[in-house]
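Colleague: Chain residues, written in single-letter form:
Number of protein chains: 4
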Amino acid sequence: MIFFRSDYSQGAHPEVLKALTETNFEHADGYCKDVFCESAANLIKKQIQSADADVHFFVGGTPANFTLIAAALRPHEAVIAPKTGHIFVHETGAIEARGNKIITHVTETGKLLPHQIEESLVEHEDEHMVKPKLVYISNSTETGTIYTKAELTELSKVCRKNNLYLYIDGARLGCALTSRENDLTLPELASLVDAFYIGGTKNGALLGEALVIMNPALQPEFRYIMKQQSGLLAKGRIIGVQFEALFKDGLYFRLAEHSNKLADKLRDGIAAKGYNFLVDSPTNQIFPILPKTLVEKLEEKYFFYRWKPIDDENICIRLVTSWGLDESGVTSFLNDI
Amino acid sequence: MIFFRSDYSQGAHPEVLKALTETNFEHADGYCKDVFCESAANLIKKQIQSADADVHFFVGGTPANFTLIAAALRPHEAVIAPKTGHIFVHETGAIEARGNKIITHVTETGKLLPHQIEESLVEHEDEHMVKPKLVYISNSTETGTIYTKAELTELSKVCRKNNLYLYIDGARLGCALTSRENDLTLPELASLVDAFYIGGTKNGALLGEALVIMNPALQPEFRYIMKQQSGLLAKGRIIGVQFEALFKDGLYFRLAEHSNKLADKLRDGIAAKGYNFLVDSPTNQIFPILPKTLVEKLEEKYFFYRWKPIDDENICIRLVTSWGLDESGVTSFLNDI
Amino acid sequence: MIFFRSDYSQGAHPEVLKALTETNFEHADGYCKDVFCESAANLIKKQIQSADADVHFFVGGTPANFTLIAAALRPHEAVIAPKTGHIFVHETGAIEARGNKIITHVTETGKLLPHQIEESLVEHEDEHMVKPKLVYISNSTETGTIYTKAELTELSKVCRKNNLYLYIDGARLGCALTSRENDLTLPELASLVDAFYIGGTKNGALLGEALVIMNPALQPEFRYIMKQQSGLLAKGRIIGVQFEALFKDGLYFRLAEHSNKLADKLRDGIAAKGYNFLVDSPTNQIFPILPKTLVEKLEEKYFFYRWKPIDDENICIRLVTSWGLDESGVTSFLNDI
Amino acid sequence: MIFFRSDYSQGAHPEVLKALTETNFEHADGYCKDVFCESAANLIKKQIQSADADVHFFVGGTPANFTLIAAALRPHEAVIAPKTGHIFVHETGAIEARGNKIITHVTETGKLLPHQIEESLVEHEDEHMVKPKLVYISNSTETGTIYTKAELTELSKVCRKNNLYLYIDGARLGCALTSRENDLTLPELASLVDAFYIGGTKNGALLGEALVIMNPALQPEFRYIMKQQSGLLAKGRIIGVQFEALFKDGLYFRLAEHSNKLADKLRDGIAAKGYNFLVDSPTNQIFPILPKTLVEKLEEKYFFYRWKPIDDENICIRLVTSWGLDESGVTSFLNDI
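Protein chains in written order, with our numbering: chain A, 1 to 337; chain B, 1 to 337; chain C, 1 to 337; chain D, 1 to 337.
These are computed hints drawn from the structure, not numbers from a lab. Don't be surprised by glycine CBs; every beta carbon is placed ideally from N, CA and C. Be aware that a few hints might be false.
[Unchecked claim] Residues from chain D that keep clear of chain B, each with C-beta distances beyond 10 Å, as calculated:
(1) Glu22
(2) Ala53
(3) Ala78
(4) Arg98
(5) Pro114
(6) Thr148
(7) Lys149
(8) Glu257
(9) Val279
(10) Pro282
(11) Pro291
(12) Asp311
[What the hints assert, rightly or not] According to the in silico footprint, chain D covers these stretches of chain B (three or more CB under 8 Å from chain D):
(13) 86-93
(14) 316-326
The whole structure should be built from the sequences, with the hints applied where relevant.
Modeller: Next comes the structure, spelled out in structure tokens:
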């Protein structure tokens with residue numbers, strides 16, 4: 001079976017595993033108060049060109065999301081998000097479980113628009129309704145699309161004007177920033193938001209995400225909230241070690257580029273055969289619409305998600321490429337359609 | 001520096017790391033729905049002699065505790081725990097943050113007594129007060145003591161008679177069950193409680209705890225609560241792989257025995273020099289009371305916690321032994337006092 | 001100013017106030033454990049022809065809603081509701097604040113349809129998503145519409161088939177059941193749902209709603225949840241006294257009939273002049289669409305809500321009739337348009 | 001039966017009821033945005049000599065407590081309270097249900113001491129523990145004792161020095177301030193704390209408490225939290241009307257003086273017969289220790305709580321006096337012992 005199922009189906013990239021092995025017997029303090037986490041945080045701060053950011057390490061994206069939001073919001077404050085947002089759909093109500101409502105907007109491409117934020121602000125007019133306070137977006141989005149520099153700048157303006165926090169779920173931030181259509185740098189992105197996380201789990205780490213808090217108002221006593229809401233990892237050092245390996249010489253971006261390159265090849269190849277896509281996604285998730293009969297045949301050799309039925313004869317599937325995928329898998333797939 | 005600071009200061013035992021390395025490139029489904037987690041769960045079910053138990057893998061003890069308790073209790077139901085209980089002291093109010101009160105009892109040794117449970121039941125008489133529903137204990141306790149078979153049986157009886165769940169925090173369960181004073185088997189323990197977890201983080205794993213749910217009433221839809229409350233690890237497989245390595249041939253217990261043996265040697269050696277202990281703890285945490293001047297000298301070479309001042313001249317320290325500690329470290333320490 | 005603004009702008013109906021005055025000096029136990037509450041509960045149980053129901057008295061609709069839902073749901077379980085539902089729009093996220101997500105559906109008339117429930121069930125497929133467990137509807141709805149017997153029966157069937165609770169917010173239940181278009185009796189309604197409340201605040205009481213729990217699974221230890229979530233009123237007796245007055249000889253329904261009759265007259269009169277309505281609502285809230293210039297003129301003499309702009313020239317207003325409104329107010333209004 | 005059971009067993013003082021009756025047919029906006037609430041708030045602000053305070057009206061003490069605390073604290077922040085505090089014992093875990101832990105101290109008289117606050121601050125040393133942020137006390141306390149001006153000043157100093165909020169539960173504030181042993185004025189009290197409430201339910205109102213927020217940091221968006229946490233009363237005007245009646249000419253304090261005077265007479269009379277008290281309480285709750293046989297006989301004619309057994313022959317009872325109690329009841333009781 002060739003895997004196009006997800007980008008978290010294998011362990012860690014060999015360089016990352018090597019770093020874990022080499023540091024294995026060193027003693028370190030617990031709960032991310034160790035030299036590895038410190039060094040990884042410094043590498044990230046250098047990368048985003050902001051010495052004043054706070055960097056915290058999480059085991060996964062869901063805890064990063066719900067912890068940041070729990071720390072940022074009072075009970076009556078709400079999140080604005082696209083209806084496809086991971087926190088709204090696929091986190092089993094974790095934000096609501098911690099007390100905050102999510103206000104959603106239907107989007108065409110998974111990307112929130114500035115006027116949607118403004119509409120929510122107008123609509124929530126008094127104390128009988130929740131008060132919008134944080135805007136959640138993902139980059140790349142859940143459907144593989146990315147925000148341009150102009151789009152993110154516009155969102156950031158609307159948020160700052162209205163005293164809203166802007167937060168990016170970066171589960172696949174590597175692929176967003178190395179997409180052939182991207183025009184946004186990591187320091188630019190960091191400067192436009194209040195917080196975001198850099199996803200490791202889907203880009204070469206065994207586990208781990210680095211939450212970056214830019215806004216000083218969100219920094220105080222954040223570790224208390226982390227411990228309470230998601231548990232602080234005792235051997236936090238193992239996330240520090242991995243992010244050090246990923247960021248010390250650009251491995252993180254090389255892996256994302258690899259995923260994107262294979263996705264580009266898949267996308268171009270499928271398009272060349274005349275097939276359409278559900279959405280135009282320039283990163284490592286692509287959504288071709290294929291005939292059912294073809295899909296059934298492909299399933300004998302390839303493992304992927306059936307995303308949603310289109311009509312009686314066609315179905316949209318999701319293909320995900322990853323650091324561990326070999327180009328031969330892509331070539332084989334293109335030959336088979 | 002020789003480390004007596006904690007049992008989570010190093011990475012993983014080499015056998016565990018080897019298993020991670022060997023399985024690294026295999027593809028697996030996410031969120032603990034993989035062959036490794038399945039196999040590890042089966043090994044644990046065999047070990048506890050209960051095919052009907054549910055086994056779930058967590059990244060740490062705090063999420064295991066708060067998730068189980070969130071799943072078990074209605075909003076008005078409360079936990080009964082020793083005042084030294086980890087959930088009461090050192091989880092930043094994670095249980096209360098999820099809505100449930102903890103009723104505590106002062107204990108001499110960290111071990112809850114049956115009559116204390118009964119007192120709480122009498123005291124909480126009507127709907128103006130919370131209703132006790134779950135008893136939380138740790139084995140070994142936060143001060144290294146362990147429950148005897150008779151003690152645990154008595155607690156279990158009181159709980160069952162009063163329709164209370166009994167839950168054991170097993171962060172250091174390995175050391176409890178391999179202590180030279182222990183008379184309780186793992187299957188016996190499992191049969192006396194409603195749920196417990198087997199700690200991996202403090203006994204050879206990079207990270208990971210195996211929560212075992214014995215009571216069928218606590219099993220339904222538990223994974224929903226896991227996802228919502230602590231996030232479900234995307235690459236859950238890495239915990240499965242580690243528990244497979246720990247349980248396939250008894251490595252888990254050998255590591256705990258090693259820790260205990262070194263602690264025994266330390267304890268016996270310190271006692272032989274005429275020093276007393278804060279509490280009589282037969283596992284891998286010991287609490288000798290030493291002269292301040294001696295403690296200051298020891299700190300030049302050994303890394304450990306000052307636990308609490310005793311009087312003007314003496315101080316209680318905590319020494320923790322671990323799978324990664326060499327016997328020479330213990331010998332050296334004993335020579336130095 | 002003639003008030004069409006709301007149905008809670010005055011104190012209590014004189015009969016209700018009289019009952020409060022007459023019983024004022026009697027001593028009674030606190031927290032609804034008194035003879036007045038007992039008697040009122042019995043009157044209600046007789047009215048709904050169900051001796052096994054539990055009746056609890058609340059100070060308002062919002063606490064009744066959030067307390068029932070907090071008692072009914074586990075953390076990962078969700079509510080299905082119309083997007084216009086009071087709990088979704090106008091309770092400042094009180095349901096989410098207690099941990100549960102609300103899944104909404106857009107409706108044309110404020111009434112949820114059975115197929116919408118089924119769609120939500122299909123869509124929420126696994127533990128990464130919340131699990132629908134309770135259906136919330138209002139009768140009359142927030143836009144004054146009502147459920148027919150056939151419609152409620154169909155909703156009830158879908159809920160029972162899928163193990164969902166069905167709950168009715170009855171803030172304006174009196175007006176729903178005495179509407180000239182209603183074909184549903186109170187005992188029928190009660191038998192089709194798991195819980196509902198009978199609104200007093202908007203129908204003659206100073207304050208108070210009677211929550212009726214039909215499903216025995218939702219009854220145990222409900223008073224604990226009440227105390228914790230909304231506080232249990234110390235002098236609960238004052239709600240008991242009022243409901244006794246409202247239910248001992250049908251006053252409750254007479255007051256609602258009065259409101260409906262005046263609304264009918266208003267509605268028929270406005271329609272006769274050729275104006276349209278936003279929605280066809282047969283109860284005490286009506287939503288005529290009038291020219292802006294006319295609305296501005298009416299505002300000099302009448303107090304009501306501008307509901308929403310329709311186009312450049314027309315606006316929808318809300319007119320609410322109440323037990324305290326005199327027919328002359330309606331006649332005057334009709335003369336003025 | 002003569003009632004010494006509680007101070008909330010009757011309806012409202014006739015003056016209060018009269019005010020409700022006289023204003024009954026006036027139309028008013030909902031949710032405390034009416035002229036009655038505004039006027040009552042102004043009377044209170046005048047009384048406390050602080051134009052910048054915010055005054056909010058609640059239906060009861062429990063919602064006042066949990067709403068203020070929910071508004072004041074972040075998830076990891078905790079309350080410090082006496083172990084006898086109403087929020088810790090008799091609110092069914094309402095504070096914990098909203099996410100915050102209560103740290104308690106055993107007290108002799110129900111009164112918290114400054115050094116206990118300081119101890120809690122020292123003990124809670126890092127992010128693995130909750131962080132104390134608000135001190136909760138009651139005046140009069142749950143056992144009828146009161147804080148002197150010196151004591152409250154000292155508590156206030158410790159709180160301000162350590163950046164802690166100081167909050168007073170004033171369910172029986174009237175009796176505290178009119179006690180013959182009191183040396184504290186209402187404006188002084190207000191200036192020493194961040195928030196407190198003036199209890200109406202136990203001092204002449206049908207229902208209602210006035211929460212006063214002195215600290216500007218706790219004022220913003222408080223009504224959102226009120227609506228979400230306890231529901232905002234639709235006809236908030238009925239609390240406004242009552243507080244207007246209680247505060248426009250000192251009725252509130254005259255009623256409390258009446259209760260205290262009768263309690264003084266009871267206390268002096270019982271003491272004169274040689275009986276002791278559980279605690280020396282100078283307000284309307286007294287706790288005499290009487291022979292069991294006497295208690296049994298008294299119970300034939302008087303209704304009161306058995307507070308707790310003292311020894312085989314004696315029992316402590318609680319006697320509560322109230323605005324509605326006639327002096328003849330006290331005389332009769334004294335004759336009977």
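Colleague: Do three or more residues of the region 316-326 of chain B come closer than 8 Å to chain D, measuring C-beta to C-beta?
Modeller: violated (count 0)
Colleague: How about the region 86-93 of chain B: do at least three of its residues have a C-beta closer than 8 Å to a C-beta of chain D?
Modeller: holds (count 5)
Colleague: Please check whether the beta-carbon of Glu22(D) is more than 10 Å away from every beta-carbon in chain B.
Modeller: Given a closest Cβ separation of 35 Å, the condition holds.
Colleague: In terms of Cβ atoms, is chain B entirely out of 10 Å range of Lys149(D)?
Modeller: 32 Å, holds
Colleague: Is the claim that Pro282(D) lies outside the interface with chain B correct, judged by CB distances over 10 Å?
Modeller: 26 Å, holds
Colleague: Confirm or reject the statement that Pro291(D) sits farther than 10 Å, beta carbon to beta carbon, from all of chain B.
Modeller: Fine: 24 Å to the nearest Cβ keeps Pro291(D) off the interface.
Colleague: Quick check for students: does the CB of Asp311(D) sit more than 10 Å from each CB in chain B?
Modeller: 18 Å, holds
Colleague: Looking at Pro114(D) again, its CB stays over 10 Å from all of chain B?
Modeller: 23 Å, holds
Colleague: Are all beta-carbon distances from Arg98(D) to chain B longer than 10 Å?
Modeller: Violated: least Cβ distance 8 Å, not greater than 10 Å.
Colleague: Examine each Cβ of chain B, and state whether all of them lie more than 10 Å from the Cβ of Glu257(D).
Modeller: The assertion about Glu257(D) holds, with a minimum of 29 Å to chain B.
Colleague: Verify that the Cβ of Ala78(D) lies farther than 10 Å from every Cβ atom of chain B, and report whether the claim holds or is violated.
Modeller: 6 Å, violated
Colleague: For Ala53(D), which was marked as not at the interface, is the minimum beta-carbon distance to chain B over 10 Å?
Modeller: Non-interface label on Ala53(D) holds, nearest chain B Cβ at 30 Å vs cutoff 10 Å.
When each numbered hint is compared with the structure, violations occur for hints 3, 4 and 14.
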